[in-house]
Amino acid sequence: TQLLEQSPQFLSIQEGENLTVYCNSSSVFSSLQWYRQEPGEGPVLLVTVVTGGEVKKLKRLTFQFGDARKDSSLHITAAQPGDTGLYLCAGARDSGNTPLVFGKGTRLSVIA
Amino acid sequence: EAGVAQSPRYKIIEKRQSVAFWCNPISGHATLYWYQQILGQGPKLLIQFQNNGVVDDSQLPKDRFSAERLKGVDSTLKIQPAKLEDSAVYLCASSLVRQTRTQYFGPGTRLLVL
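As you go down the protein sequences, you meet chains A and B in turn. Under this note's numbering, the first sequence has 1041 at position 25, and the numbering climbs by one with no breaks. Under this note's numbering, the second sequence has 38 at position 44, and the numbering climbs by one with no breaks.
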């Protein structure tokens, strides 16, 4: 059972376009994280959201946690080729040591 | 600050052979994780250590996979014997005990089983 569904699975856009990727679940998470993974590298943590409705901004990236803490979105404004990579969301079921659950990721390609 | 180190970066073996991966976490990080990332999937936790004790190994296929962290620092993950479906990237990550949601990943070992 895939607890976290990410969409779209693949996305190819032109430099300068905006995009949104989604991470959805029927389960409630105490926190949710977004990672970016480049080829041949491990995932790198971008942000952690913990409060329902929370919005965090990281330069051109805007992350939102759903009010019910079941879903999240990542919006990129004016995408650049350097944004290319695999974007993974990961949820924590509680604040303790239970393992993170990762989605399958959205593979983004930004073409110059 | 040095990141999480893993070796080898790539490994090709035949099915039924054995293989071992090594991980050196960030200095001071007591918690260490091994993940398996199959092509097209997100990482799946295999085992989590805190110091040299196992916190969670519920998803580790114990008939063929083993892991140890004898001195609470470096860790090795072994597969014996390997199957075709073990082809994947094996990621090691580490974190501080009180910040287990902030995990730092190594570059991974890409394993191909033929």
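Read the hints as simulated data drawn from the structure, not as lab findings. Misleading hints may appear alongside valid ones.
Below, in silico cross-link-like pairs of lysine-lysine (BS3-like), each with a Cα-Cα straight-line distance of 30 Å or less [said to hold, decoys possible]:
1. 72(B) with 56(B)
2. 1120(A) with 5(B)
3. 77(B) with 1120(A)
Computed, partial: chain A to chain B, Cβ under 10 Å [what the hints assert, rightly or not]:
4. 1043
5. 1047
6. 1049
7. 1059
8. 1069
9. 1099
10. 1108
By construction, the Cβ of each residue, glycine as well, lies at the ideal position given by its N, Cα and C atoms.
Structure-based check of all given hints:
Between residue 72(B) and residue 56(B), the direct Cα distance comes to roughly 10 Å. Compliance with the 30 Å bound is thereby established for this hinted pair. Restraint check for residue 1120(A) and residue 5(B): the C-alpha separation of about 24 Å stays at or below 30 Å, so the hint holds. Note on residue 77(B) and residue 1120(A): the hinted pairing holds, with a Cα-Cα distance of about 22 Å set against a maximum of 30 Å. Given the 10 Å rule on beta carbons, the hint for residue 1043(A) is violated: about 15 Å separates it from the nearest Cβ of chain B.
The beta carbon of residue 1047(A) comes within 6 Å of a beta carbon in chain B, closer than 10 Å, and the hint placing it at the interface holds. Given hint, residue 1049(A) at the interface with chain B, holds; its Cβ is 7 Å from that chain's nearest Cβ, closer than 10 Å. Taking 10 Å as the C-beta cut-off, the interface hint given for residue 1059(A) holds, the closest approach to chain B being about 5 Å. Nearest Cβ of chain B to the Cβ of residue 1069(A): about 19 Å, over the 10 Å cut. The hint is violated.
The restraint placing residue 1099(A) at the interface with chain B is violated, with a minimum CB-CB distance near 19 Å, outside the 10 Å limit. Annotation: residue 1108(A) was flagged as interfacial toward chain B, and the flag holds, the nearest CB pair being 6 Å apart, inside 10 Å.
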